[in-house]
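**Q** Sequence:
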Amino acid sequence: MNSTNPRSLFLSMVLFALTFCPALSQVARMDSLKQVLQKGDLEDTVRVALLIELCEASTFMEEQGGKYFAEQALEISTRINYPLGIGLANNSIGAYYLQVGDLEKALPFVLEAERVYLNAGGFGKNLLAVYNNLGIIYNRSGDTRKAISVYKNAILLAEKEKMLQSQAILYNNLGSAYDKLQVYDSALWAFGRVEEVSKEGGIEVGIMMAKSNLGSVYFSLGNLDRSKEEYLMGLEIAEEGQYTRNIATILLGLADVYAGQNQLRESEAYYQRGIKIAEEIQALPLVQDGYEGLSRVQEKSGKLSLALDSFRKWQQAKDSIFSLEKAQTLEELKVRYESEKKESEILALSQQNEIQSLELTQKNQLLWFGGIGILLLSGLGYSYYQRKKLKSEAQMAELEQRFLRSQLNPHFIFNALSSIQNFMLKSEGALASRYLGKFSKLMRQVLENSREEYILLEEEIRMLENYLEIQKILLQKEFDYSIECLGTLDSGQISIPPMFVQPFLENAIQHGLKETGGKIEVEFSLAGEYVEIIVKDNGVGILSAFQAKENHRSLATSIIRERIDNYNRKLKNQIQLNLLDRSERKEQGTEVQLLVPYLSN
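Counting from 1, position 94 in the sequence shown corresponds to residue 94 in our numbering; the numbering is continuous, with no gaps.
Heads up, some of the hints might be wrong.
[As the list claims (entries may be wrong)] Taking CB as the label site, the calculated pair distances span:
1) T45 with D319: 44 to 54 Å
2) P108 with K160: 38 to 48 Å
3) K199 with D102: 24 to 34 Å
4) G121 with Y68: 49 to 59 Å
5) K160 with L37: 32 to 42 Å
6) N223 with T78: 45 to 55 Å
[As the list claims (entries may be wrong)] Derived BS3-like pairs (lysine-lysine); straight-line CA-CA distance at most 27 Å:
7) K586 with K572
8) K160 with K125
9) K125 with K162
10) K472 with K519
Calculated directly from the structure, the hints in this document are not laboratory data. Keep in mind it's a predicted model, so treat the numbers as computed, not measured. Here a beta-carbon is modelled for each residue, glycine too, at the ideal position from N, C-alpha and C.
Please take these sequences and the hints and turn them into a complete structure.
**A** If you want it as structure tokens, here you go:
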């Protein structure tokens with residue numbers, strides 16, 4: 001597990017109208033507000049206040065609810081020229097976009113709220129919400145120290161005015177900024193202040209956020225027991241108040257904790273619960289985060305097929321987020337282009353006739369450059385997407401490689417244990433002891449090598465020699481073998497993918513060398529950017545073996561071919577395999593030619 005919580009988005013609480021209600025009453029509060037709104041005799045200012053309250057109440061439970069109500073409030077406030085409502089609505093819409101992570105859309109609404117309040121005067125307390133949201137923008141855009149300065153100044157004003165709710169939210173976002181800088185002691189202090197102020201003011205949602213964020217920081221510090229304790233207390237409040245998004249966030253945080261404690265079954269269960277809620281509310285960042293963690297836990301549990309499925313779902317969520325961002329960017333470019341085009345046309349109609357041709361040229365240039373800009377941005381976006389896609393495919397190929405290697409080990413061990421059984425039935429104790437020592441060493445070599453992408457060639461050779469010695473004892477089949485490194489190849493300085501040669505030795509012994517006196521030769525040599533591996537035997541030959549067992553299909557060879565296909569999906573230098581019947585060269589037996597890429601140590 002990483003040392004920092006990947007869900008840093010939920011370490012910030014945005015400010016709406018600076019009001020909170022106890023968690024237990026959130027759903028009832030929304031229903032009550034909606035019923036009041038249906039009355040036809042409400043004053044417009046009262047209707048605006050109700051809509052702003054609905055915006056705040058729904059944001060923690062509904063994906064689009066907050067923005068929808070705030071937009072209605074802005075429409076009414078603009079129509080009646082109501083500065084307080086215009087400021088509240090703009091700030092609430094900006095807060096909604098902050099909550100979903102769209103800084104570019106959030107900033108103009110927050111700045112407009114600031115402009116309205118400053119021009120109207122007398123809205124000092126409401127400016128707290130604006131400055132808090134500006135701090136969040138600074139924090140998430142990378143200027144975290146500036147955000148901390150904004151938060152501290154706003155906290156002084158909130159404390160002077162004895163505004164507990166504002167203090168709770170400002171301290172929460174201050175803690176988020178410290179957490180981002182990994183100043184964890186200060187983050188714990190700030191989130192502790194959130195809890196203290198929230199308890200003083202009876203702000204249940206503030207206590208919930210404090211507990212959730214304290215759980216996150218303790219996770220980053222490696223104090224998993226304390227992290228779980230804080231998360232569980234936050235989860236109880238979130239479930240009681242039906243704060244759906246926060247429930248999903250805390251569940252995924254608990255899944256991280258259980259994974260860190262190696263309680264994989266519990267971790268998997270919490271990931272699945274969190275993902276289910278995130279999918280229901282279509283919170284794609286949480287869905288992506290959840291499947292990424294679930295894939296790691298399932299892989300660690302040995303559930304490789306499930307891990308592959310979760311990995312693919314993680315990739316789908318990631319691609320969906322990219323597609324949405326790309327569509328939004330293109331739509332914004334289109335709107336901007338159309339606006340600029342109309343402005344140019346209006347300007348052209350208002351000018352004198354003698355400069356119309358010049359303006360037409362300028363408009364054409366605008367069209368030309370606008371089109372190029374859109375194409376360039378689209379190209380860059382597509383290029384970025386392709387790079388991400390290739391990286392993800394490589395990760396998936398690596399996971400599938402582990403899956404295939406895990407198939408190869410049981411296959412090899414099963415064949416060896418079958419031979420052991422036959423050998424032990426002969427009751428030859430001394431030979432049995434000698435064999436078991438070699439076999440245990442071989443098992444350790446196989447299990448260690450199968451976990452690595454590349455191993456030293458000398459380690460591969462030691463494993464092959466041990467394997468051949470065991471086969472001579474088990475099968476009581478006299479055959480000779482030789483393993484050589486030719487030319488300038490140094491087996492201690494070259495690493496190759498493991499477990500590619502052994503299956504061909506197995507096939508040579510089992511299907512090629514029918515009689516005693518056979519010989520197996522293995523040669524390693526450098527061939528450009530590859531290590532060339534030649535495996536030769538003087539047995540019956542591959543054609544004769546196939547004719548003798550027409551319906552037999554070697555599982556080892558099949559798995560090796562699948563491994564080669566998966567390696568080649570991510571390698572520049574492709575692994576190459578060629579099987580030859582030596583009878584074509586007037587010789588006896590089979591020859592395997594294998595080219596594999598290598599690493600120099």
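**Q** Any hints from earlier that this structure breaks? Give me their numbers in increasing order, please.
**A** Going through the list in order, the structure violates hints 2, 4, 7 and respects the others.
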